[in-house]
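Peer 1: Sequence:
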Amino acid sequence: MARPPGHCLLLICALGIFVGNHFAAGQRNSTLIFTRENTIRNCSCSADIRDCDYSLANLMCSCKTVLPFAVEQTSYSGHLTIWFTDTSVLGRLLNFTLVQDLKLSLCSTNTLPTEYLAICGLKRLRVNTEAKQPFPEQSLLVHSGADSDSKLQPMSLGKGWQTCMYVTFLDMALFNRDSSLRAYSIENVASIANNFPDFSYFKTFPMPSNQSYVVTFIY
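Heads up: the sequence shown is residues -26 to -1, 1 to 193, going by mature numbering (1 follows the signal peptide of the UniProt record, and there is no 0).
All clues stand as given, with none of them false.
Think about it this way: if two alpha-carbon atoms lie no more than 25 Å apart in a straight line, the pair counts; the simulated SDA-like pairs of lysine to any residue are:
id: 1; residue 1: 38; residue 2: 24
id: 2; residue 1: 97; residue 2: 185
id: 3; residue 1: 38; residue 2: 19
id: 4; residue 1: 77; residue 2: 44
id: 5; residue 1: 77; residue 2: 43
id: 6; residue 1: 106; residue 2: 153
id: 7; residue 1: 77; residue 2: 109
id: 8; residue 1: 38; residue 2: 69
Bear in mind the hints are in silico, worked out from the structure with no lab data behind them.
Let the hints inform the model, and build the full structure from the sequences given.
Peer 2: Printed below as a string of structure tokens:
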């Protein structure tokens, strides 16, 4: 059998690389985080896992255990799903963390307090309250990330901080209600700490006052 011409071999190799890269992109893993017995499980999953099915997550995903006090600030450019039973760890995981696509699933019947999470760069939020309320998953598009205002440029909050121009305050008491997700946004907020003095976050996470922000409240 004759060998293929050189240009055919190059074409076959290029096609193989393209198919391989396309397949790898389609298999991009998502991050799943859940808490069990005062520890945090951080998992990388190649497929969607049924909400609150801890055994299946441990079986199908690559998981590691993280102690709550060892949680470090990071960012999530892809899908992040968090299963939780109360709000005790959510602040450590999410406050002023850059998350673009977030799903929160309540895995208990606990009544949650009116506490606010402050999340940077949130584009889409999904919530599941099936364990508490027999309602379908809700989804909310927070923003598209395409802002025509040249004054609203992403900026770094310093060492250990993530780029944060869009700030979303999420009322955790929404998991107690059977109503639809609601949200409103305020643009060109010059100083978050001065405009929202009741939020204690800014004592721990001081925000620069020389920057304009888009602030969204979800409740």
